[in-house]
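Q: One letter stands for each residue in the lines below.
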Amino acid sequence: MPSFRLRSGMFFKSAAGIGLAALLAACATETASSGGSGSQGVTDKTVKVAGIVTETSAIGYSSAEAELGARARFERANAEGGVHGRTVEFLGAEDDAMTSATGVTAARRLVDKEDVFAVVPVSAPAFGGAEYLDQQKVPWFGWMTNPAWCGLSTAFGFNGCLTPQRGEKIPSWWAAQLGAELGGTDGSVWVQSTDTSSSKIGAEMISRSFEASGFELVGLSSSVPAAAPPQDWLPYVNKVMESDGGGPPDVVVSVMSGTKHNGGFYTALKKAGYKGAITDATSYDPKVMADPQSVAALEGVYAAPQLEPFESDIPEIVQMKADLRKAGGGDLVFSQHMATGYWAADVFLKMLEKTGKDLTRENFLRAADGFSYENPGFGRVAYPQNKTQPTGCGALVRIKGGGFELARHLECFDNVG
Amino acid sequence: MTELIGYILSGLVTGAVFALMGSGLTLTYATTGVFNFAHGAVGFVAALLFFELTVGAGWPTWIAGPVAVAVAGPLLGYLLHLTMFRRLSSAGETAQIVATIGLTIALPALGLGAIDLLNGVFGLSLPGVTEGGAARGLGPRPVETWEFAGITLDSDQLIAFTVAALTAAALWALMRRTPLGLRMRAAVDRRTLAELRGVDVDRASAQAWMLGSTLAAVAGVLIVPVVGLDSAAFLVLLFTSATAAVFGRLASIPVTFAAGLALGVLQNLVAGYGDFAQDVTGIRTAVPVLLLFAGLLVLNRSRDRVAGSIAEDPPPPDYLADLPRWRRALPWGVSPAVLLVWMFTIGDTYWIGVVSQGLLFALIFCSFVVVTGIGGMVNLAQAAFATLAALTVGLALSKGLPFGLALVLGIAAAAVAGVVVALPALRLGGKVLTLATLALALLADQVLFQIDGFGNGTLGWQMPAISLGFADTNDPRTRVVLLLALIALVGLLIRNLERSASGRAILAVRSAPSAAQVIGISATRTKITLFVMSAAIAGLGGVLFGVFNGLITTTDLPAATGFVWLAVVVVQGVRRVGGAVLGGMFMVFVPEVLHLFTDSQHVGSILFGLGGIALAMHPDGVLSQAAEQRYRRRREREQRELAQAAAAQDVAPLDLARPSKTEGPSATVREPSPATGEERAPVEALRLEGAVAGYGDTTVLRGVDLVVAPGQVVALLGANGAGKSTTCLAAAGIVPLTTGRVRLDGADVTALPAHRRAGAGVFLAPEGRGVFPGLTVEENLALRLPDAASRAEAYDRLPALADRRTIAAGALSGGEQQMLALAPALVRPPRVLIADEPSLGLAPRVVDQVFELFDELRSGGAALLVVEEKATGVLALADTVAFMRLGRVVWSGARAEVDDDLLTSAYLGALEGAR
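Chains A and B are the protein sequences, given in the same order.
Its first residue numbered 114, the first sequence is counted upward by one per residue in my numbering.
Its first residue numbered 2, the second sequence is counted upward by one per residue in my numbering.
Honestly, the hints are just simulated from the structure, not real lab data.
Just so you know, even glycine gets a beta-carbon here, dropped at the ideal spot from N, CA and C.
One or more hints might be untrue.
If you want the footprint, here are the derived chain B segments under chain A, 3+ residues with CB under 8 Å [unchecked claim]: (1) 14–22; (2) 137–149; (3) 166–177; (4) 447–456.
Put together the whole structure using the sequences plus the hints.
A: As structure tokens, then:
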């Protein structure tokens, strides 16, 4: 390779002081060779994948169990002989620590160092590697919780794009399911979110969706500090309690995430004498039940997971629970994150199947175009439209006596707006 | 009305927690001079322990609470005192700030890592701190609620308020009613004087840290059921309590406490009635931050050392100055060359990517070199500058502007932000400035970046790769080359800055702001220049961060990132670009190495944080350490030689204090220690032998020999700068001797610290007034006269003081202050009394009174050393007179031998010629 000698010679000179121009010129000779064949991580017998999840974070959020979910699904697939003769070599998941920069590093490590074919599952609210994966044409599957990922060519959310951008259709299932549970959608509703722009966007979307379903919106507040829950909830709760013509609303929808915010909010609501329905998207989490105070706070709350709950007895869920127990031990406590990992892996496998024997990233992404798949475990998904829209499926779980009770099976509704 | 009362009442509950936390902050700052940014982290660790003991180990709260607060709190405080705070109190301000910021990162990670470790290695099943694992409080579960007249309170609130009130009462009693509290307050008021009055300041510091940590622990355990085990929430708590502390001017615990209560109420009122703020996202979240900022600007003009000329943060010597230029440049020339060769031959994409990321950090870290390394100001807003510039570029690109123009706009935006941050810097110094930059950084995060149009909501802005015509930055190699070039450019810029006139101006402003002003250097312009340059560099780094990532969002570089950056770069050495480059590499390679061993993210945080702590030992960073050690050995050798030379020269001075046969023709001093009676027990109370001492590298005393006998007054005279005050301080133990000895009643006390010499009977009335201005007359006396009977005796002797016993000593007249300073000596006569210019600024009548008092003490058998610049008054009193000049006693003899001629020649230096 004579060109090597030329290059190093130039660089010695440049290091001795030739300067910027020489450096850049030399560098230019190299750029052509980047890019791969698109079959990284693929052999005749295996396809290599790994995930990125938020295992640890400063605020205590963790989606680490998504790794177990994906592993359980891949283990069953491998036991059944793999897809087109290839078994899935699952390397586990990297931790992005809920930090954008760590997420980029993790993505780069998986792609450039571990040579994975695809990244499965991704369950990280602040994942920073999206742009990099897209740029490198590496497919990734997971929980699309961030609007920035919607519409990326290589990003696949198993339940679509959860937070459509303004102007896109919005989901109606939450309001519809809650209306069905409460026996009508003619009540008044208060929507509470935190004081950040992302939370505000979410709250506006949910408000519109409840209004579209017939509820009367009596208040939308984004005043709660996001960094830490308020040390005192009284002023926030007072507003709720007077919102419906001086009285409390029929339904309170919390778009805040996590028990720290929600638990405090609900406790204060109940302390103020609130008797109506409360619903949120994040309380379907068995860890919440460890604390008697949270149990008291969440009693009667409707959690709205976008998956068929573990409490269901449909065959797909029975199968998932068996797979999870096999991978994670008999005394496993199921959590929503396990299910998201599991279904992300499931959709990936389905797409592998559709791609066929000749597996390259190019072929895979081609197969993704016009892909559609239904499964009672998570509903239905079709690309490309679910790259920019949510799938519109969800269930309701009621918290009762320190446990979860299935209130409404997963059902899919047409998006509105 | 009920609603308002409800807001106020429940606001007072949270306010009480802020108040406790703020009081701890004020207490430790005032006692030790270290502002503990990790105060919230201490609370977090205590709360974590409480959580694990209750939820994990199943202990009842009435055991777990006291263990987490009264055992773990003081223990943690003491450990921190031993490992870092003790050293930090004498370190430069930058090191102080950065070390506690490192601790803020490391402490929570240590706690969480310890749980992982216990679970992983010892097979325990302690609950992890996941979002769902809400922590409980001290109160019963489930919470009970009561309603009085339409106002609802729950058991947690009631317990929080009761505990806070009891703690406050206990704190008040401790500070006001116990000797421990008195000693701490004395140390706060005048640290050196406290030492002179027998207070072991080091012990007082340890006690303050233990007490402060306990307060943080109480606050942590009280607030944890509300905010959860979230280290970020505890950081927010720290800001709020820092706001309270700032309103207490970091000195007054009662004001801090009141401010804390008020903040709690105010926060509730804004949340309850501040609907007008609904449209500006984040503005209500930012209320404490806004108040902190306002408080800093209004209340905390830096009044430290306005007249002082000692650099707060003197630059270290250039340890490599003796090496040739090419040798100094060699590592920084060769390593990029090696890097480039590796990159274009065998380097693989992944590692090149890692290096490019490291160089990007290095570029950003260069901004710290400018503002902290050169300017000596600690800025926590760098991450905000980077984000601001990147978002501006993103916005500009989305409007269709060309990249070049967008880049200029972005950097300009960061520079403007730099000016905004610099404005408070003009008035504030040190940690107050750091707090202000932090407040601004949070404000940017919580308000500015929340503006939808600016950050494009949560989507962020796409940032296309930079094309250089023949290559673009999607290739990591292009990035490496581009970054190397930029760092070299910034390095040149920094070097030119340091060597230029403005560089000297900067150094002048940093070392001695007032002096710089006097000679016409504009501190304002200099500080602004530095901030703008630093902000621009950080902004450039931020833009490249976005470009390399393909996207910039408002949350990519949160304010807390700035903490880690600062800790890393300062540990590597913030004064040179080399340190920044090393820091950048450290930033990316440490996680890579750690990844081989562990998946735990805590280890990285612990390591980065502990790096900050290591600063307590090596304030100038890793890079200069080896060179520094060589330099130290060289210094020690020089010092030894100097001392030997001094000793050789000073064979005579030992005789000097005795009848000076070598000097005055008729010198026979009335000297109780007879020249011939060495075998007899020495009848000398204080003796300095060949004392060499000084400050830093400046030697002031060059072999002082002096003897003061019991029942004798020695007047030490000399011109300004002769070393009289230093002699006093050396005798009292404040200034340590390099060589020589101090003997007290014949016993060698050279190694004893000041407070123990005070205990052994040395009483120094220092220059100025030897009183604690912040303590009452009674308290001033109580420090030296603990029993009421002897205080009564003092009041008998000085009835003027008796009427004013509850008045702060600072409010007394000069004469009264001097009397107060000497009063303890009247009641409990010391063995040796040293008075440094006791007549300075006093009316002649008062001077007479003071000298009468000295006379009385002499009659009682005390040994007195009285220093005066003007000879007239003291000559009437003295038995022996000693003249000092240029750090030596050049003449001593009986007072009778002193006449005008001798005085004149002594002051004019003629006596030296006589030797």
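Q: It remains to establish, for every hint, whether it holds in the given structure.
A: Structure-based check of all given hints:
no., hint, in the structure
1, 14–22, "holds (count 3)"
2, 137–149, "holds (count 5)"
3, 166–177, "violated (count 0)"
4, 447–456, "holds (count 5)"
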